[in-house]
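Residue numbers (the working numbering), protein chains in the order written: chain A, 170 to 386; chain B, 170 to 386.
If you're looking for bench data, these hints aren't it; they were derived computationally from the structure.
Treat the numbers as computed from the prediction; the structure is a model and nothing was measured.
Don't be surprised by glycine CBs; every beta carbon is placed ideally from N, CA and C.
Accuracy of the hints is not assured; some may be wrong.
Here's a subset of chain B near chain A, in silico, CB distances under 8 Å, partners left out [claimed, not checked]: (1) Gly235; (2) Leu263; (3) Tyr266; (4) Thr291; (5) Ser294; (6) Ala297; (7) Lys348; (8) Ile354; (9) Ala366.
Derived DEER-like restraints, expressed as beta-carbon distance ranges [claimed, not checked]: (10) B:Thr262 / A:Thr308: 35 to 41 Å; (11) A:Lys319 / B:Tyr230: 39 to 45 Å; (12) B:Gly369 / A:Ser303: 24 to 30 Å; (13) B:Tyr230 / A:Ala182: 47 to 53 Å; (14) A:Val286 / B:Tyr230: 35 to 41 Å.
To give a feel for the contact side, a few chain A residues facing chain B, derived at Cβ under 10 Å [unchecked claim]: (15) Gly235; (16) Leu258; (17) Ala272; (18) Leu273; (19) Thr291; (20) Ala355; (21) Ser377.
As a plain string of letters, each chain reads:
There are 2 protein chains.
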Amino acid sequence: MEITGSPFTLGQAQAHLSAGPLGPRITWKQVDPLLFLQSSPSPSPTETQYDVAILAICIWYFASPGVLAQILEALSTRAKRVCIAEWSLTASTLSAYPHVLAALAQAAVECHNPTSVSNVRTILSPSAIVSSASAAGWTLKNERMFQPAKGTLDGMWEVGAVVDEGYLKEAQRLIQDEKERSVAIALRDAVVASLEAVGGTKGVDSMSVWCGEFVRD
Amino acid sequence: MEITGSPFTLGQAQAHLSAGPLGPRITWKQVDPLLFLQSSPSPSPTETQYDVAILAICIWYFASPGVLAQILEALSTRAKRVCIAEWSLTASTLSAYPHVLAALAQAAVECHNPTSVSNVRTILSPSAIVSSASAAGWTLKNERMFQPAKGTLDGMWEVGAVVDEGYLKEAQRLIQDEKERSVAIALRDAVVASLEAVGGTKGVDSMSVWCGEFVRD
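One chain only, chain A, in its complex shape:
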């Protein structure tokens, strides 16, 4: 995984929080979430271990949609609420469409890669996340969308990864079937074409973020 982040990396943000007034009350666990949950005992049905579990823009890193399903299932006996934020696959401006298309393009290649370290290994829309949560006993209580602040660079990064020649090499290496490969290449070509209307990669804005709050059924 690339150690990048803007304006701060994850490590820098955690160090900043630990140094602040809430620092003594925070324990960081850098561990696979499913293994972490499974290693802690499931409490009795009348008690819950956590007030809230938060999945903050992390689902697309999961190895498959099944991982989210298992985490939500494990949380269903361990947390009172689950709050999820994820890229929405929604653009309300022309400048955010390259990010939407680039995420889909990466997913179309990476779904063929069992050892992916891409930022988009599993692509799930808000409605797919709600379905997965619902199957695990969670009810959507509130949801909203917001446009990330100007200068959020994720859109530019994801577009850059698709425009890069490395994307074509990976498509060639990972997708054997000519027709399937042509879909991934068409997605990349759509990303490239989408840049024209926004004046190139520097004109890309990040897509909207979706947030959902879930309570137990």
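Could you slot chain B onto chain A? The hints should help.
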């Protein structure tokens, strides 16, 4: 294949032309283009059979990218020029993005369907078409993009086909792998989300059309 067309079906358009002043000079051949070309002898290198071969918004119906390659190869000894028009995978307005996404979504399912009768069986961008032509000995001489007239309903039709529940059933039936299927479903969800910014399916415009003129190397 659906017998639809707006403002006219293909059959109606052909009948109209045949009834006009050029009618006596027109012969319609409703036949697979590759079989048709292969059934006519390849002329000597110094003569050509046709002044111009036109592929008018037809490539996405081909069974695979290889079919286009074979047709362009067969034409390379039989025509002086090739003119191609195809949907561009480019949107210059928010209202055309649902069409772009819907074409990609259909392709992501139909590439798994060896007996597809969808409007998008093989998806190739303008640059993929230029590459295919180049490999067959054709040089791009001119190209342009244009926005189809308001009221061109293809965008609405393709979006409708993806929003329809039948799309999800086909994805379920044709795509065994959970990760690959989630990409097709994410593409559909992106189509649905894209409709919000344009006020629903009726606000969809068709994407731009690309035209290229090729001459022999």
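Quiz item: Does A:Ala355 pass the interface check with chain B, least Cβ-Cβ distance below 10 Å?
Solution: holds, 4 Å
Quiz item: Is the interface hint for A:Leu273 satisfied, with its Cβ closer than 10 Å to some Cβ of chain B?
Solution: Given a least distance of 6 Å, the restraint on A:Leu273 holds.
Quiz prompt | Hint status (Cβ of B:Lys348 to nearest Cβ of chain A, threshold 8 Å) | solution = With a closest approach of 4 Å, the B:Lys348 hint holds.
Exercise. Under 8 Å, Cβ to Cβ, is where B:Ser294 needs to be relative to chain A, so tell me if that hint holds or is violated.
Key: Where the cut-off is 8 Å and the nearest Cβ of chain A is about 3 Å from B:Ser294, the hint holds.
Quiz prompt | Cut-off 10 Å, beta-carbon criterion: hint that A:Gly235 touches chain B | solution = At about 6 Å, which falls below the 10 Å cut-off, the nearest Cβ of chain B leaves the hint on A:Gly235 intact, so it holds.
Quiz prompt | Proposed interface contact between B:Thr291 and chain A, which counts if any beta carbon pair is under 8 Å | solution = holds, 6 Å
Practice problem: Please test the hint of 24 to 30 Å on the beta carbon pair from B:Gly369 and A:Ser303. | Solution: With Cβ atoms ~25 Å apart, the hint holds.
Quiz item: Is the hint on A:Thr291 kept, meaning its closest Cβ partner in chain B is under 10 Å away?
Solution: holds, 6 Å
Quiz item: Between B:Tyr230 and A:Ala182, does the C-beta distance stay in 47 to 53 Å?
Solution: holds, 51 Å
Exercise. Against chain A, run the beta carbon of B:Ile354 and see if the smallest gap drops under 8 Å.
Key: Holds - the Cβ of B:Ile354 comes within 8 Å of chain A, reaching about 6 Å at its closest.
Quiz item: Regarding the hint that B:Ala366 lies at the interface with chain A, is the smallest CB-CB distance below 8 Å?
Solution: holds, 5 Å
Practice problem: Against chain A, run the beta carbon of B:Leu263 and see if the smallest gap drops under 8 Å. | Solution: With Cβ-Cβ at 6 Å, under 8 Å, it holds.
Checked against the numbered hints above, the structure violates none of them.
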